[in-house]
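Novice: For reference, the chains in residue letters:
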Amino acid sequence: EAGVAQSPRYKIIEKRQSVAFWCNPISGHATLYWYQQILGQGPKLLIQFQNNGVVDDSQLPKDRFSAERLKGVDSTLKIQPAKLEDSAVYLCASSLDMVGGAYEQYFGPGTRLTVT
Amino acid sequence: AQSVTQLGSHVSVSEGALVLLRCNYSSSVPPYLFWYVQYPNQGLQLLLKYTSAATLVKGINGFEAEFKKSETSFHLTKPSAHMSDAAEYFCAVSGGSQGNLIFGKGTKLSVKP
Numbered sequence: 025e026a027g028v029a030q031s032p033r034y035k036i037i038e039k040r041q042s043v044a045f046w047c048n049p050i051s052g053h054a055t056l057y058w059y060q061q062i063l064g065q066g067p068k069l070l071i072q073f074q075n076n077g078v079v080d081d082s083q084l085p086k087d088r089f090s091a092e093r094l095k096g097v098d099s100t101l102k103i104q105p106a107k108l109e110d111s112a113v114y115l116c117a118s119s120l121d122m123v124g125g126a127y128e129q130y131f132g133p134g135t136r137l138t139v140t
Numbered sequence: 040a041q042s043v044t045q046l047g048s049h050v051s052v053s054e055g056a057l058v059l060l061r062c063n064y065s066s067s068v069p070p071y072l073f074w075y076v077q078y079p080n081q082g083l084q085l086l087l088k089y090t091s092a093a094t095l096v097k098g099i100n101g102f103e104a105e106f107k108k109s110e111t112s113f114h115l116t117k118p119s120a121h122m123s124d125a126a127e128y129f130c131a132v133s134g135g136s137q138g139n140l141i142f143g144k145g146t147k148l149s150v151k152p
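Line by line, the protein sequences give chains A and B. Heads up: the first sequence at position 87 corresponds to 111 in our numbering, and the numbers run straight through without jumps. Heads up: the second sequence at position 28 corresponds to 67 in our numbering, and the numbers run straight through without jumps.
The shape of chain A in the complex, shown without the other chains (with noise of 0.2 Å):
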């Protein structure tokens, strides 16, 4: 089965400009998730989403960072402006459904900000 697409690869932009990344999860996966990778750090959930719905967006900075899952299967992630804080590799996730949270997630290849 195709595994989790992310695009691009690679981007660099420098502040205050704005990005957006697009995530296709693996076909059937109700839930997907946005993880940001810090260099030297863990991978940290940014938002979740079961279906089209927000399930947790707790760690999300909201006044820059927005995302949607549109008809419940692809998402794009938004930031809007962007701060050199924000350089990381932005993870792409699904599973096929979150209950118990024992499903496993596959990760996409993830996306390398660069922000100068």
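In case anyone wonders, no lab produced these hints; they're calculated from the structure. Quick reminder that beta carbons are idealized off the backbone N, C-alpha and C, glycines included. Possibly wrong hints are sitting among the right ones.
Heads up, incomplete: computed chain A residues facing chain B, CB under 7 Å, no partners named [what the hints assert, rightly or not]:
#: 1; residue: Y34
#: 2; residue: V79
#: 3; residue: D80
#: 4; residue: M122
#: 5; residue: A126
#: 6; residue: G134
Chain A is already provided as a structure; the job is to place chain B on it using the hints.
Specialist: Using the frame of chain A, we list chain B on its own:
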């Protein structure tokens, strides 16, 4: 609240030697525990997971981990390291009904010839 502590940000072993990567967790509910591996410029790949069945869990590529509730540990081991095992390894815990993962900071494994 759940948390994960990985002891040692960098571990170096010789090819053929035992690999031991340490992970301790904190969870107020029975946890699900995971080990992921990340190769350079790639996403995370699941090595193995503990979901309250057998305490000794076998994963891919010859890795295994043992869940020890009394020590709140889930250390990852491999009897004999291979050059291709060089990567970063992340331990993660999921204890909530929403299934989100809490990751440790990662351990970078280097394998010397």
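Novice: Hints first: check each against the structure and report whether it holds.
Specialist: Do the hints match the structure? See the list:
no., hint, verdict
1, Y34, "violated, 9 Å"
2, V79, "holds, 5 Å"
3, D80, "holds, 6 Å"
4, M122, "holds, 4 Å"
5, A126, "holds, 5 Å"
6, G134, "holds, 6 Å"
When the structure is compared with the earlier hints, a violation turns up for hint 1 alone.
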